[in-house]
Amino acid sequence: MTDVQKHPRLVIGLVLVAAFVILGLVMPPFAGHDPRDWNTFPKNIKPNQAHLLGTTGLGQDIFWLLTYSLRNSLILGVLVGFFATLIGVTLGVFAGLKGGWADRGLSLLMDTFIVVPSLPILILLASLLQGRASILIISAVLIVFNWPWPARQIRSVALAMREREFISTAWFSGESTLTVIRTEIFPYISSWAVGNFINTVLVAIAVESGLAVIGLSSLQESTLGTMIYWALQYQALLGGRWWWILPPVIAIVVLFVALFLVSSGYTQYATARRGR
Amino acid sequence: MRFLTFLLSRLVTYVLVIWIGVTMVFLVPRFLPSSPVEAMLAKVASQGQYMEAAQIESLRSSLMETFGLEGSLLQQYTGFFKRVLFTGDFGPSFSAFPTPVSQLVGQALPWSLGLLLTSSVLGWLLGNAIGLFAGYRKETLSSKTLEFLAMLIYPIPYYIFALVLIILFTYVWKIFPFAFYVDAGKPFGFGLIKDIVYNSALPALSIIAVNLGWWVISMKALAASVAEEDFVTFARLKGVGEPRIMTHYVARNALLPQVTMLAIRLGTIFNGALITEILFGFPGVGTLIYSSALQADYNLMLGTISFSVIAVATATLIVDLAYPLLDPRIRYR
Chain A
1 MTDVQKHPRL VIGLVLVAAF VILGLVMPPF AGHDPRDWNT FPKNIKPNQA HLLGTTGLGQ
61 DIFWLLTYSL RNSLILGVLV GFFATLIGVT LGVFAGLKGG WADRGLSLLM DTFIVVPSLP
121 ILILLASLLQ GRASILIISA VLIVFNWPWP ARQIRSVALA MREREFISTA WFSGESTLTV
181 IRTEIFPYIS SWAVGNFINT VLVAIAVESG LAVIGLSSLQ ESTLGTMIYW ALQYQALLGG
241 RWWWILPPVI AIVVLFVALF LVSSGYTQYA TARRGR
Chain B
1 MRFLTFLLSR LVTYVLVIWI GVTMVFLVPR FLPSSPVEAM LAKVASQGQY MEAAQIESLR
61 SSLMETFGLE GSLLQQYTGF FKRVLFTGDF GPSFSAFPTP VSQLVGQALP WSLGLLLTSS
121 VLGWLLGNAI GLFAGYRKET LSSKTLEFLA MLIYPIPYYI FALVLIILFT YVWKIFPFAF
181 YVDAGKPFGF GLIKDIVYNS ALPALSIIAV NLGWWVISMK ALAASVAEED FVTFARLKGV
241 GEPRIMTHYV ARNALLPQVT MLAIRLGTIF NGALITEILF GFPGVGTLIY SSALQADYNL
301 MLGTISFSVI AVATATLIVD LAYPLLDPRI RYR
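Protein chains in written order, with our numbering: chain A, 1 to 276; chain B, 1 to 333.
Simulated from the structure, these hints should not be mistaken for laboratory data.
No residue lacks a Cβ here, since even glycine has one placed at the ideal position from N, Cα and C.
Do not take every clue at face value.
Claimed, not checked - Pair ranges (Cβ atoms, derived): (1) B/L325 / A/A160: 26 to 36 Å; (2) B/Y198 / A/Q235: 18 to 28 Å; (3) B/T260 / A/F186: 26 to 36 Å; (4) B/L126 / A/A160: 26 to 36 Å; (5) A/N39 / B/F190: 48 to 58 Å; (6) B/Q107 / A/A160: 42 to 52 Å; (7) B/G71 / A/H33: 45 to 55 Å; (8) B/V164 / A/I75: 37 to 47 Å; (9) A/A102 / B/L325: 30 to 40 Å; (10) B/R60 / A/H33: 25 to 35 Å; (11) B/Q107 / A/A140: 27 to 37 Å; (12) B/Q107 / A/T271: 24 to 34 Å; (13) A/P8 / B/L125: 51 to 61 Å.
Said to hold, decoys possible - No more than 30 Å apart at the CA atoms, straight line, and that leaves these computed lysine-lysine pairs for DSS-like: (14) A/K6 / B/K144; (15) A/K6 / B/K138; (16) B/K174 / A/K43; (17) B/K238 / B/K138; (18) B/K174 / B/K194; (19) A/K46 / B/K174.
Using the sequences and the hints given, assemble the complete structure.
Written out as structure tokens, the structure reads:
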């Protein structure tokens, strides 16, 4: 039995996430049309062979629209996850190793940003931009609100490591701070950073689609959340058009459970490997 | 002495949260490419209302005043803070003219407080109780099933849960109302309370369920690690009964980080509840923020959003200050 097979959680999660990545990043160019365009097909068709998931009340093919929305949601998630983790880890390591006033100041800042509720601020921004909030602007705001979580955790790890002997050894043998961070500290926190990255991807997609469900995200672009918004706007629920509202809801649920399985499974896997 | 340091650091964070949050509310409209005043004027014009040049000018200057866009940036900034922190005066609401913003917030507040308090406290208590059982007997089948269920529920966002509940209980199986409706004119009594509980059940349930997942997962991990500590083994050898070990030895120690975590997560819980309120049409602060955003009612928007930043910060402070009551050692950092 190989290492990975001992962690079914991680394997199931990875397979599901891979399926979503293929759906979202590989499939969209094969649509042959812009899935966002209205009235491309007859409206409100139930799923059949020509339209795998049917069509919306606006005449869009739901399958292709879903792949397209998935792509936008994934891009947003990865963007926010990457930069929030990068900024968080850098500031966290800095605060933990430096200590003193720099640490106190940065810790206060982290605690503060964690408490400030992000959604009202996003709603304010979205409403002032009146539906023209691009994916990039929303990502930027989400990065501002998401770096403190990794920073806080990494800071406490770095704080504890500062007292460890092997760090002192490296220090006294004349290594530069950067080298100590790269060779001694990074291997310790890298697995944690990966876990955090995946978590932040999840949080970012969740917040954006939450904003989108109430119609305050970018209305020109299509994300998983805006799909739900249009379905609700056109009374898909009351009209019994389940095939319109269920695909984005199911996609979000499965994607989130998959991402969570990967992040928690990866943490287990990394802990087990380190313990060996 | 230790308590003083603790109190002081919490108070500094409290002031900083309000300062940074309110500064953001101040800065966002000022750093956008489009001026909110011009956008607002365009909206009025697009609604087909004919206005004389002089009327437009007077509307513009009143809007400039509303946004506090007059004077230097520093003057605007201090003026904004004075309004938010001391007078609490955000002027009249545009959409419900001439009702003052503070009155609208005052009407929505009890609803939000009731919903959030009940559902976060219930979610926290239930989740920690289940997590404690699951963590204390982590090898049993029931605790593994519980953790599996919690892991399925936790990553699902509030509004998805809310949507699923709406689909199931108002559409497929019609036992709950589709839209929130409580007759405010009803005399206070059992009937009114029944109405409120009946109408709030689904929104509350969706908040409780998602919170529950997180508390079960984190409490299970905490309880499992505390249960392996030496003092627990010692208590067992000493002959302390299992139920007492679980409540007095494991729970008391494992609950402390959960209190801190509750304080940290209040902002996230508030975010989730906001969307839940909107989806159910619950008459709280979240719905008020939403309708102000839809109607471009900026007085109301700036008022409700500044208010919610202060409310979340205050709630966090209260939970933080409750911590020493539970932990006589006030162990922090």
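Structure-based check of all given hints:
no.	hint	result
1	B/L325 / A/A160: 26 to 36 Å	holds (28 Å)
2	B/Y198 / A/Q235: 18 to 28 Å	holds (24 Å)
3	B/T260 / A/F186: 26 to 36 Å	holds (28 Å)
4	B/L126 / A/A160: 26 to 36 Å	holds (33 Å)
5	A/N39 / B/F190: 48 to 58 Å	holds (54 Å)
6	B/Q107 / A/A160: 42 to 52 Å	holds (49 Å)
7	B/G71 / A/H33: 45 to 55 Å	holds (53 Å)
8	B/V164 / A/I75: 37 to 47 Å	violated (26 Å)
9	A/A102 / B/L325: 30 to 40 Å	holds (33 Å)
10	B/R60 / A/H33: 25 to 35 Å	violated (45 Å)
11	B/Q107 / A/A140: 27 to 37 Å	holds (35 Å)
12	B/Q107 / A/T271: 24 to 34 Å	violated (51 Å)
13	A/P8 / B/L125: 51 to 61 Å	violated (32 Å)
14	A/K6 / B/K144	holds (17 Å)
15	A/K6 / B/K138	holds (19 Å)
16	B/K174 / A/K43	holds (28 Å)
17	B/K238 / B/K138	holds (23 Å)
18	B/K174 / B/K194	holds (18 Å)
19	A/K46 / B/K174	holds (24 Å)
Against the hints set out earlier in the document, violations occur for numbers 8, 10, 12, 13.
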